[in-house]
Each structure stands twice: as C-alpha cells, then as structure tokens.
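A.B. asks: The primary structure of each chain is shown beneath.
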Amino acid sequence: MAKIKPSKGAPYARILGVGGYRPTRVVPNEVILERIDSSDEWIRSRSGIATRHWADDQETVTAMSVEAAGKAIADAGIAPADIGAVVVSTVSHFKQTPAVATEIAHLVGAGKPAAFDISAGCAGFGYGLTLAKGMIVDGSAEHVLVIGVERLSDLTDHEDRATAFLFGDGAGAVVVGPSDVPAIGRTVWGSEGDKSETIKQTVSWAEYRDGHPEKFPAITQEGQAVFRWAVFEMAKVAQQALEAAGITADDLDVFIPHQANMRIIDSMVKTLKLPEHVTVARDIETTGNTSAASIPLAMERLLATGEAKSGDTALVIGFGAGLVYAATVVTLP
Amino acid sequence: MAATQEEIVDGLAEIVNEIAGIPVEDVQLDKSFTDDLDVDSLSMVEVVVAAEERFDVKIPDEDVKNLKTVGDATSYILKHQG
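First to last, the protein sequences are chains F and E. Taking this note's numbering, the leading residue of the first sequence gets 7, the next gets one more, and so forth. Taking this note's numbering, the leading residue of the second sequence gets 2, the next gets one more, and so forth.
Since the hints were made in silico from the structure, they are not lab data. Be aware that one or more of the hints could be misleading.
[Claimed, not checked] Label pairs and their computed distance ranges (CB to CB):
id : chain 1 : residue 1 : chain 2 : residue 2 : range
1  : E       : K59       : F       : G312      : 37 to 47 Å
2  : E       : S76       : F       : W211      : 41 to 51 Å
3  : E       : L79       : F       : K276      : 48 to 58 Å
Beta carbons are placed, not taken as given, at the ideal position from N, Cα and C, and that holds for glycine.
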C-alpha cells in the first residue's frame, strides 16, 4: 500500500475581512401593511423589525454576493486570485445547477477556486465558516471566501400576517485565511431532523409545478415552537460553544446571534446571562431576517459603526430550518 | 413535594409579573393570558418554560395553545407535576 503524504496547511484559521451588501430599496412596515391586516406596533412588538431591504431585479443572488465579496476581499487585504475556495450558503437562489458559487468565484476574479453551494438555512454562515477553517488547516485552500446570501422576499407569502414582515434580502461575506494563533473555536453544530416541519417551504417545487396549490412556495414556521427552541435550546448550544473555546461569557466582547427576531435575541441574552459589557448585534431592526446572510451582515455593521472592533472576541450562533444550528467563538477581523 | 393550587397560582403570578410586568394581584384563575393579562404568544412561551422549571412539569408545544387562562395552566400543572 502506497503511503499517502499527510496534508498540512496553516496552524490555525481566522476571519481576515468582512463585507456586506444591502439592497437599495428600504421597505418600512407601512408597505407590508398594505397586504396584511396588522399594525406597525404589532410587528415591532413581535419582531423588533422596523424596516428591511428588498432586492430589485438587478440585485440578484449573484450580484449581491459579488458586491459583498468584493468588500470582504478588500477588507482582508488579499488579491482575489489568492482565494482557493468559495462557499456560498443560500436557500433562495432559484436555479438548481450550476452552483451559484462558481459564477461568483469567476466574477470576483478568483480564477479557478473550488466553488460550491451549501444549504443550511439560517445556520449556513457557521457551516460555511467551519468548512473554510477545515480547508485552511488542512492545506486544501489558503484563503476561503464564505458568503451567506438570500432573496427571501421571493420566498415570502406577502399575505400571511405571521410571516410577511419577517424576511429581508442581502448578502454578507467573509474571507477566512491562515493564522498563527487560534481565532475560530471549535464549532458546536448539529441538526434535528425530527423537527423538519417547524420551519419549512410551504409546498415543494414539484407540487407547485403540478398546480396544487396555486400559491407560490414560501417559508412558513410554527412561531411558538421556533421561539422556544431558538431561545432555550440554542442558549445551551451557545454555552457549549463558549466551553469549546475555553472561555466564559465574561470573556466575550460581542454576541452575534442569527437575526431571526428581536424577541429571540433579547430572550437569548437573558437566558445566557450575558454581562452588560457584551455588545449584542440587533441588526434585525433595519434588516429583517436574512437567513444565512444575517450574521456576516450584522458583523459588518457592528465593525462599521464602531460598536465592535477588530480583535474583539465574538460568539456567533446560527439556527433555523432543518432544524440546524452552528455556534462558535471567533476573533473579529 | 407537589405544589397546591394556591402555590401554583402564586408562582404563575410571579412568573407573569417578571416576564410581562403584570401586577401579581391581577393574575387570577379566570384571567386569560392574552386577552386580560396582555401576555403575547412569545411571552407565553417564556411563561411556560419558567413554569416547567419551577413546578417540575413538561408542557409540550402542542399543549401550550390549550392553556388560555391562568386556571387552564394551573389545572395542567396540578395534573402533570412531577
């Protein structure tokens, strides 16, 4: 048996740069209320959302990703050609094949990197980050572009008063690269397929094609069940991620949960007993729920506004349809 | 030791007070969580989880929607507490 040479990359990996793209059109609750019987007060009290961005015809999954990626690459201070792999997490790219990652890789000028899409819902960023870290430590890629991108306005039932106000569009990207010190902790991740009905697409594409029902597929969820799982089960996962990184909540500077709902965020903070000094991402108010894009978008905004700074220690946790989840501790770029 | 009806109502009153800021004296058996006490669907989940912990009882999601009043919740806990 031939001996295979062990693969070896950088000792550790870190996030080197982050970038985001928010569509030009800002949609306030008043616009949502044209199609549902509700109120601005009700929407704000249940979700904390005041406005969200919706993409226009030009702001495609590809276009938004390329914009966000360009910023992340510039922020990382690398050349596009240095990228060895592109991982795109999305559930709202309406073309099954080829993977949108290949086109994005080409358009950002990355040459011929490995490129593929993943489907991990609102945990997609953490899943992509974990893959990227593995590739870098393994030596399969020196720099990896991880993108979370969604056009959830395309998968929204605009007449459903329980979900019409929740979702937004956008893209967030990070460049992950080599590091001499640990800067991404072990990921605590998993899936709970027995709860696959909790958050789901209303009907499959095949059912829609065959004409029943007539309504276009949309994302629907069991609100109370999701809330309970997100707050109380995910708090345990977040705690495990802290332990995996060998730190406690006191060591944290920043908490960036998936931006699903302000009420979930507030309850998680309470359940986790996060100290006052921890900055909490509350991008949901002006961005809505952008699934895989929400964590990198929130990260970018915290750094841009100065609420967080480079070198800060952040706990990130994504959770959503699957159900799936991923939590880890990172050093901010 | 299992809690009495009175202890459960007092406990629920404290929980509702902490989560929704409702005065403890307003939390009575005949009061509806949503209509009378202004506890919305998400706060109700927090109330349920706090009650589970306090009274050593499991209240699955599918049963939560049947707990309309403080009396409903009290009876449920009396029957299911460990």
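A.B. asks: Against each hint, give a clear statement of whether it holds in the structure.
C.D. replies: Hint-by-hint comparison with the structure:
For K59/E paired with G312/F, a C-beta distance near 45 Å keeps the hint of 37 to 47 Å intact. About 46 Å separates the C-beta atoms of S76/E and W211/F, a value consistent with the hinted range of 41 to 51 Å. A hinted range of 48 to 58 Å is violated for the C-beta pair L79/E and K276/F, which are about 28 Å apart.
Hint violations for this structure: number 3 only, all remaining hints satisfied.
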